[in-house]
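Construct the entire structure; sequences and hints are all you get.
Taking our numbering as reference, the numbering of the sequence shown is continuous, increasing by one, and the terminal residue is 340.
Just so you know, nobody snuck in bad clues.
No farther apart than 30 Å at their CA atoms in a straight line, the calculated lysine-lysine pairs in the DSS-like style are these:
1. Lys81 with Lys157
2. Lys81 with Lys155
3. Lys81 with Lys159
4. Lys102 with Lys303
5. Lys306 with Lys102
Pair ranges (Cβ atoms, derived):
6. Thr160 with Asp186: 45 to 55 Å
7. Val191 with Val118: 28 to 38 Å
8. Leu71 with Tyr262: 19 to 29 Å
9. Thr247 with Gln285: 18 to 28 Å
10. Val118 with Pro146: 13 to 23 Å
11. Ala149 with Val116: 18 to 28 Å
12. Pro146 with Lys306: 41 to 51 Å
13. Gly335 with Leu176: 16 to 26 Å
14. Lys306 with Ile224: 21 to 31 Å
15. Thr199 with Thr247: 17 to 27 Å
16. Lys157 with Leu228: 49 to 59 Å
Keep in mind the hints are simulated off the structure, nothing from the lab. Nothing here was measured: the structure is a model prediction, and the numbers come from that model. Beta carbons are placed, not taken as given, at the ideal position from N, Cα and C, and that holds for glycine.
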Amino acid sequence: MKLLFAVAVGGFLLLVCLMPGIVVAFDGPLPIKNQFPLSMYLLSPRYESPRLQDSLTLGLTYSSIYMVRKSRDYNVGLDLESAEFSLGLRKVILDSIELSAEVPVVVFTSGIMDDAINKYHEALGFGNYGRRNRPLNAFLFSVKEKGKTLIEGRDGYIGLGDIRLGIKTPLLTSDPLISVMLELELPTGSNPGAGIGSGGVDAGGSIMVGKDITNNLSAYGAVGVVFPGNYRGRETIGLRSYLHATTALQYDLSRPLLLIGQLTVQGAAFPDTQIPQIDRPAALFAIGARYKLDKNTIELSFIEDPNTSGAPDFSLNLLYKAVGKGTAE
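Printed below as a string of structure tokens:
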């Protein structure tokens with residue numbers, strides 16, 4: 012895990028140290044977010060381009076999650092699938108500041124993917140982590156501490172998640188392009204006791220870098236910190252601040268089609284549960300394609316969890332972005 016974090020941070024630092032080259036044309040990293048139910052509304056990082064732009068985004072992420080573990084004090088059961096729809100808006104003001112807002116709606120279900128995932132794991136030689144000990148497509152979302160229920164999800168429940176607000180400004184507008192971003196996540200979730208929202212105000216900041224390496228290859232890196240508020244579900248849970256980092260490469264396969272590979276590492280926010288799958292940092296490896304339609308784009312990405320901790324078994328992410336005329340070049 013330390014190696015994964017070092018790779019992500021090292022990629023970020025390498026970008027900063029690169030010699031000046033051509034002006035950045037990087038379109039931005041894959042705008043994925045960790046959909047693990049215990050952290051998805053703790054200001055889980057969603058990375059974006061350091062370039063300022065007016066835009067409207069529509070996103071859909073479908074995830075499969077399985078983790079059934081217990082320790083002396085905690086009993087955690089997660090066997091579910093989730094779908095999150097998000098609406099994002101970004102607006103550039105004063106030519107140097109970007110304001111953003113993101114409104115998510117999420118549903119947790121028993122799903123339909125268990126049999127396919129079991130066969131996928133068998134084909135690639137992956138462990139099933141006890142999946143076969145559970146009935147196919149059965150719903151489980153329960154977090155207990157010393158027998159007391161902290162979170163209890165409901166099959167088929169749909170609700171508004173926590174709304175995210177952000178402000179971004181450039182630090183360097185030449186090459187590499189460097190920006191800093193501050194974010195707040197508001198406790199608008201419809202039911203933190205059922206895992207939708209956290210019930211607390213979360214704050215964080217990140218610094219992001221984009222740079223062209225060749226005419227066809229671009230790179231991106233970012234590091235950040237999050238200070239989550241308490242999780243106010245059925246009981247209040249004190250949370251820890253955490254660090255996160257990502258590094259990404261974009262290859263211009265043809266004029267409209269871009270391929271992107273991305274590695275993200277995210278620290279743990281929950282208190283020490285003595286359950287490694289919760290206490291260890293999460294890692295997400297994503298591959299995706301971005302198809303450009305004039306200024307608008309369509310993206311499709313696939314996300315895996317190489318560290319098998321604090322992240323879904325896999326996620327599929329689909330996003331449409333319409334870029335406005337006020338984009339800062």
